[in-house]
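K.L.:
For reference, the chains in residue letters:
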Amino acid sequence: MSLAIRNLAKRFVAPDGSAVPVIDVPSLDIPAGQHVALIGSSGSGKTTLLHLIAGIVTPDAGTITFDLPAAGSTDITALSEAQRDVFRGRHLGYIFQTHHLLGGFTALENVLLGMSFTNRKADPAWAKHLLTEVGLADRLDYKPGKLSVGQQQRVAVARALANRPSLVLADEPTGALDPTNAQQVLELIRKLCKEVGASLLLVSHDLAIARQLETVLTLSDINRASKPLPAPALAPG
Amino acid sequence: MNPFQLVLKQMRQRALSTWLTLLAVLLGSALAVAVLILQRESRALFTQSDFGYDLIVGSKGSPMQLVLNTTYHVDKSPGNIRYIVYEAIRNNRFQVKHAIPYAVGDQYKGLRVAGTTAALFGFDEFTGQPPAGYDDKGKLLPGYLPASTRAEDRPADAKVAADVFEIRFGKKFTLAQGRVFHPRKFEAVIGSEVTDRTGLKMGDTFKVTHDTGGSSKLDEHDEEWTVVGVLDKTFTAEDRVIYIPLPTFFAIPKHEEAMDVQTAMQTGEDLSKFDKSKKPATTTTAPATTQSAPATAPAAPPPAHAHDHKSDPKPTTRPTTTQATAAVHKPDEDDEEDGHDHSHHGHSHGGMKYPYLINRDGTIDLRLPKDRWMLSAILVRTRGGAANMGLTYQLANSPSGAMGVNPASVMREFFTTFLGPTTLLLLVIAVMVAVTAAVSILVSIYNAVSARQREIAIMRALGATRGKVLSLICLEAGVIGAVGGFLGLLLGHFVARVLSAVFEARMGVQLDWLSTSWHEWVYLGSIIVLSVLAGLVPGLKAYRTPVATNLVAA
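Respectively, the protein sequence lines represent chains P and X. Position 48 (the first sequence) corresponds to 48 in our numbering; numbering is contiguous. Position 382 (the second sequence) corresponds to 382 in our numbering; numbering is contiguous.
Bear in mind the hints are in silico, worked out from the structure with no lab data behind them. It should be emphasised that the depicted structure is a prediction, and the values quoted were computed from it without experimental measurement. Treat the hints loosely; a few may be bogus.
As the list claims (entries may be wrong) - Sample of chain P residues facing chain X (criterion: CB under 7 Å; computed from the structure):
no.	residue
1	Val-57
2	Ala-82
3	Asp-85
4	Arg-88
5	Gly-89
6	His-100
7	Leu-102
8	Gly-114
9	Ser-116
10	Phe-117
C-beta atoms are modelled at their ideal positions from N, C-alpha and C, and glycine is treated no differently.
Based on the provided sequences and hints, a complete structural model is requested.
P.N.:
Below, the structure written as structure tokens:
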């Protein structure tokens, strides 16, 4: 699945009532199957851009078009909220910076939860396979509280891939992890995305992480509302 | 995970809150269901119209008290009527099919002892023999149809049994053990529950005590009865009654005196002769002369057993019936019936006179003239509506001091006047409790939703629509309502079982606590609907949960 963003704009209302532009992206394309890293500083609109792409929030202007091999092209901004929810559940995987697992659910149940809103039959075998792939085959019945932060994020990765998405949106997926765990999680994300044939859009402020992906974009380059990153941040690591 | 699994999972996450909410619904539902059962059963019980008799004749006064006392054996007898009223009714074949005399006022271990005739059980009143078509247990013989069978339901060659008294329409007394009592012996037939409640069984002998109507001052009579028959269960208050032959009831000396007082009051005689403070107990022979029937009746007869037992002189010694039967005949000085083969006669002991003679075969000769006999009530099966109305009218306008009431209509009035409003009030309370329970669901889930904003946002991010989230919350409320309501239904039936035991202890009748009615299912449905509606409030809160804000804030 490829993604094409055109003239995307989003403004938020400041406390003083003025409209503050946060996203102003004239054009952004992610080819099918490509793994793209988007780097930007805190507050540069990385999460907002992912929310816009996922249909969690709606833009003030512009289009976000997904070209699906089976279903044709879909402009998510033209869908109703319920349609966007269903589209997100079926075609997109989302990995949050903090894992956002449900505390009362086991690792396996958290992954199965990801399958619960797609009107498709749950696939426990696939869920177990994913957890096995992220190294948690012996932790299926563990609740998040009994898992380490790194393990929790692995469960979140497995959950994002539960519906065999076409595009995985990863919002600082390694931001809360130590370098070793961060590297392992990144490798797992990439491995599983390749396994299901999903594109990957990973936003991060960590250049070391971003550089490992095929394409690295700087948010300030594509988002006219974003401030440029300081030069050292972009220097080769 | 299907929605049910999701909901159960989330309920388990906050188990304490869920259980407490469930408990609130459960208790509210149990209360409502118990009230519904109580209302249904009390209505069925008190508005039943299948009495085998359509008229109860008793002393003028409260019809309700008369019916409750006669039919359910609760409350005190409202008063007595003279035996000649019974004779007049029994002989009125134009209007009356069956008339059964009842004399009450004594008890054995808290159970009512009633003097009556074998006709109550469908046997011959005088001989105690079974009528045509019935065996000696009072059961229908093979090949016979009961007389109550409608003509159109009878095959042409059917043999129809004799028309006998039925305690409920189509249901007559039958004996499980033994036989019916002899009409003139100190014998007793006991209801099916008497053995369990008192330990009395076939062959046992017992003495009765005077029922002081709730007072602790009980006075045991000297006479001793032998259990000769046990009735089959009828599932009515009759199952707890001990029946004795009417003459043996009248044979109790203290009854004789009470009846004399009442007779005197009804005939307007001077009552001073009964005042023992003025006239110490002295030897008096049993009245042998017949008093004339009253020309006019007093306005209101006194209550049953109006005599004062405290002031009654106690008999010093007296042979028991068994002893008397076996005793060698020694005519007493005051024996007025020489030439009879009596082993024991009416004689004086310490000033008390026994108004009967015991023959060697155990039968008694009551020396109390019939016009001094008093009855508590007469169960009458009339020949139909017109006969019923006619007899009721005649009684109301006679100087007998008696009245006739239709038990079915009186019980309907009783339900309408007392039980109906009471159970309605209970039902209103139960509904209010149910609403309170629904509000507790609302509060519980509302608080849970407030605490689960992040989880809801995560589910939304995973593809759950607002509608899905709303439906999950409502489903959760509905599950609590359904589970709580159903458990409440079970508990309600258990409570009804306890109430049934109380009913049985007090009135001898059981509630059908096990069966359910459509009212209960409607209530359960209403609880579920109410719960789902209660879930709408927190559901809408969840519906409006801003996803992005809660994902970022988390």
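K.L.:
Are the hints correct? Go through all of them and say.
P.N.:
Going down the list of hints, with the structure as the test:
Taking 7 Å as the C-beta contact cut-off toward chain X, the hint placing Val-57(P) at the interface holds, the least distance being around 5 Å. With a cut of 7 Å, the hint placing Ala-82(P) at the interface with chain X holds, because the nearest CB-to-CB distance is about 4 Å. Below 7 Å, beta-carbon pairs count as interface contacts, and Asp-85(P) has one with chain X at about 4 Å; its hint therefore holds. A distance limit of 7 Å between C-beta atoms decides the matter here; for Arg-88(P) the minimum to chain X is near 5 Å, and the interface restraint holds.
Of the supplied interface hints, the one on Gly-89(P) holds, with its beta-carbon coming within about 2 Å of a beta-carbon of chain X, less than 7 Å. Interface hint status for His-100(P): upheld, as the beta-carbon distance to the closest one in chain X is roughly 5 Å, under 7 Å. Given hint, Leu-102(P) at the interface with chain X, holds; its Cβ is 6 Å from that chain's nearest Cβ, closer than 7 Å. The beta carbon of Gly-114(P) comes within 5 Å of a beta carbon in chain X, closer than 7 Å, and the hint placing it at the interface holds.
The criterion of a C-beta within 7 Å of any C-beta in chain X is met by Ser-116(P), whose closest approach is roughly 5 Å, and the hint holds. A cut of 7 Å between beta carbons decides the hint on Phe-117(P): the least distance to chain X is about 4 Å, and the hint holds.
Checked against the numbered hints listed earlier, the structure breaks none of them; every hint is satisfied.
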